[in-house]
Amino acid sequence: MTAAPMRSFPAPADAAPPALAPPLRDPDPAAWDSAWDTLERPDAAATPTPRGHAPERPPEPVPRRLWTVFVGLVLWCSCFAVLYGGLSLGCEAGWHQRPLAGTNRLTAALGAAWLLHLAAIVGIGLELLRRHRRFLREGHGPGGDSGLRRGFMTRLALVLTAASALATFWIGWPIAAMPLPCV
Amino acid sequence: MTARSPALTLHKRLARVWATPPGWRSLSAVNHNVVGKRFIVTALFFFCVGGILAMLIRAQLATSGAAFLTDATYAQVFTMHGSVMMFLFAIPLIEGFAIYLLPKMIGSRDLAYPRLGAFGYWCYVLGGAILLGALAFGLAPDAGWFMYTPLSSKAYTPGVNADVWLLGVSFVEISAIAAAVEIVVTLLTMRAPGMSLARMPLFGWYMLVTAWMMLIGFPPLIVGSLILEVERALDWPFFDVARGGDPLLWQHLFWLFGHPEVYIIFLPAAGVVSTLIPTFARRPLVGRLWIIAALIAMGFVSFGLWVHHMFAVGIPQLAQVFFSAASMLVAIPTAVQFFSWIGTLWSGTPRLRLPMLYLFGFLVVFVCGGLTGVMLALVPFNWQVHDTHFVVAHLHYVLVGGLLFPMLAGLYYWLPHMAGRNVLPHLGTWAFWLIFAGFNTTFFVMHLTGLLGMPRRVAGYAAGWGWDWPNLVSSVGSFVMAIGLALLLLDLLLAAYIGRRTPRDLWGAATLEWATPTPAPAYTFASQPWIASREPLWDDADLPVKIARGEGLLGDPTVGEQQSLGTDPLTGEPTHVLRLPAPSFLPLVAGLATMAVFVGLLAGWYGTLPFTLAAVVVVFWIWAWQLGRRDEPQPIAAGPFSDPRSLMLPGAEVAHHAPGVVGLAWTLVADGTFFASLLFGYAYLGTIAPGWPPPQWVQAGMLLPALAVLALAAPVAALRRAHRANLRDDSAGRDHWMLAAAGLGLVAAALVFASVWPGMPPPRSHAYAAIVAVCLGYALVHACIGTVMAAFCWARGRAGYLSPRRTVELRVARLWWRFTAATGILTLAAIHLPAWMAT
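Protein sequences, first through last, are from chains A and B.
Sequential numbering of the first sequence, starting at 1, is according to the working numbering.
Sequential numbering of the second sequence, starting at 184, is according to the working numbering.
Bound conformation, chain A alone (with noise of 0.2 Å):
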């Protein structure tokens, strides 16, 4: 489709742009980028028969095959909701007047969220760390040993995994330095 013919300045003589440079480039990622699962590879009992028809099996829905992109940032939205709800609630419900080891009940029980949380988020990124090296041991997937180790998915759930620990730790460590928590 071409525009309208408008009245336009004329073109200078220098109109054409002049030629850039060849842009400095990354080296090339695999054909597909990850390492484990079936995260970015073609499912091939997914896809259409050569005919054209609609495979019989549907894909794997998408939350099931992003669960490990996921997963951490999850348990951080859990941890907080729960730590922050149990609070107003512990509050209300008189927890903190009830002494326990050493400290009060509603502390205790949000130290107890908060660990319990943290050791998820810890022990998830530690399997996925573990299922990771075993992969790049064993070499499998399609991009070979090279394209393992640039896996994308892949280093994308391990490094959201290792941040949700780290703002666990961060958003819940003023439990234990705060110990009148309904102040």
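Derived from the structure by calculation, the hints contain no laboratory data.
Virtual Cβ for every residue (Gly too), placed ideally from N, Cα, C.
Be aware that one or more of the hints could be misleading.
[Said to hold, decoys possible] Listing some non-contacts, in silico: residues in chain B with all C-beta distances to chain A over 10 Å:
1. Phe483
2. Tyr789
3. Ala974
4. Tyr984
[Stated by the list, open to error] Reference excerpt, derived from the structure (chain B facing chain A, CB under 8 Å, subset only):
5. Leu371
6. Arg465
7. Arg466
8. Pro467
9. Gly497
10. Pro499
11. Val504
12. Phe505
13. Leu512
14. Ala514
15. Thr532
16. Pro533
17. Asp751
18. Pro752
19. Ile819
20. Ala838
The hints should help you fit chain B onto chain A, whose structure is shown.
Then chain B, alone, in the frame of chain A:
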């Protein structure tokens, strides 16, 4: 006569198939090129309106004791300034960019739901017209853009002003949620073949996270607006302390939306930055993985900050520390992006072009806003400057730095794409320096005004407090900024009409939008290219020519309908072909019908509601009826021009990722957040608000609620039977069960109503009864919509739209009823369990 070239043949054919009619009939446009530009132009219009309101504010505050505006007018002006800039400029501008650019960047021909995009546009325009009309008649909202209760309650704002805000903004938010669903589905299911998630352009990643945030972030405000409007209209006391309500509930619901909103605005603008910097630095972005990780992390963490707007309301210190910690935390992913941008410029070969000038403005201004943000995250400092002009200065540094400068850079960058012409030399540079100098003069000094103690939202101040000269400087600066913005708009306008024509890919960019002709034709790509890297145009400079020659997919020169590829959400493997709708007046009619509902509510003409709601149902029934087909779809030739039949793909009607099903699933994410927000309000009132427990609980035995639970599950079972019958090609059995599902839906609605309403105290008596009534209403509305859906399925089956392979309507109805049954049963539990335990 010589044979036409493949490129010309394809162009002629596709231009005819995808054409939008001219003249007044262009109101039927649904193509993303048209709708996206309309969003951008309309947003710029509202930006001018908001800017004029800002000038009025600064004129009033320039000197002490000014009588330029009365207190009442000033209240309307500053409320409308904030509301217009947030709801009618920032979000729609982002939507406009996303609608225009995303299909092109991901190599698609259009969005997943072109009519929904057009409907969103009309909702935006009509909602904006309601707000501006109110301003013209002196009835504009006047309780601040945050509408805090009890100021916005009927007792203190008796006129229609607050209703205009609550209903007008809700109307506009329909547009935002529609756009969010459309963006998510398009990005996940319509990328070019071979474009895996890892290869998706960064702007796509930013918009994907933003759209997810919109689906989660906007429903709390809609819940808040709904219950505040109900309180004002029907005197149901959600926020009235004397009757078990709590004004802080509004603040929670508002800021549950309001703080993520800051990131909803910032992330797309940061996406623009991450797109432009690699182009002008001539190298891929440094640390792409870290950027994506950072923006996903921001998407999550930004939902844990909202209480930092409420540090002064009297919540426990430990809770304040939780939110203070999270507020400091969010600076880290922001900093990751900044270091990545700086690293890219450092290691590349940067060129200083006009868009880069605006990006430097962004880098400077936003860093300042971020630093004052970290200061405000510290509770003691926050208390000191709470509600002062320091906060006003901070939020403008964040929003103007984080949105305006990058989007202006984006406008200059993509203007040659949209108009095929570039700006005149120099004017844009002058405009930048005036905006930059004017902005910093206005708002840097405003930090000092705030530290000197000047409160925000007041129409005047007495002399002698030391506020005179900084206010005068701010006002002078604001007018300098306004002159700069006027120059910029003039520059854009001149460029669009008399600017220099530009070649394709003026900037030497790597992303696919520059592979189209400029301005882009309605069909966008003559064929859809295979993508093998993250910078396709840097890989293959001839790609635009190959696309035009039909060397990509869907290059069939005999095509007679608007087609685009559907691909796997993660791998980008082609899975099906979508048939996209032709221009239609239905979006405009649907927008007008929806507006009639809102105007009826606003004017208090409740008698019109049955008719206007029926009109909405009829319009959307017709809308949905036009989809699908009566015959069995044959595989579609999706190969290149030279051999279209070399790749055969199924049509979307028989695909697993059919747009209707995927779109509903994402809509239910927003709906589920709405439901969760409602339950949060109920739980908040029940645990925190004074005046609880209520004097009277819902009185209902065990029998009716148990029957209601069974009745909610019954349509799910009936639809399951209908689905099985359909797979067996037993059309009689299928119709029978779908009719049964529709009837059972009505029974479920009746039983849910009967199990709550007769035994409920009057909703005006206590916040408990009011919130229970709203929860009941939620369940009933869903059951009624489910009934209409089941009836629609039945009618479609009778008309021949369903078969063992064509099952989209059935899958949609089943998904809806599963959600309705789950939320309905949870609602019944939330209503009856506390009552049973208390009695």
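Now the hints, each set against the structure:
no.	hint	in the structure
1	Phe483	4 Å, violated
2	Tyr789	37 Å, holds
3	Ala974	27 Å, holds
4	Tyr984	17 Å, holds
5	Leu371	7 Å, holds
6	Arg465	4 Å, holds
7	Arg466	4 Å, holds
8	Pro467	5 Å, holds
9	Gly497	11 Å, violated
10	Pro499	5 Å, holds
11	Val504	4 Å, holds
12	Phe505	6 Å, holds
13	Leu512	6 Å, holds
14	Ala514	12 Å, violated
15	Thr532	6 Å, holds
16	Pro533	12 Å, violated
17	Asp751	7 Å, holds
18	Pro752	5 Å, holds
19	Ile819	7 Å, holds
20	Ala838	5 Å, holds
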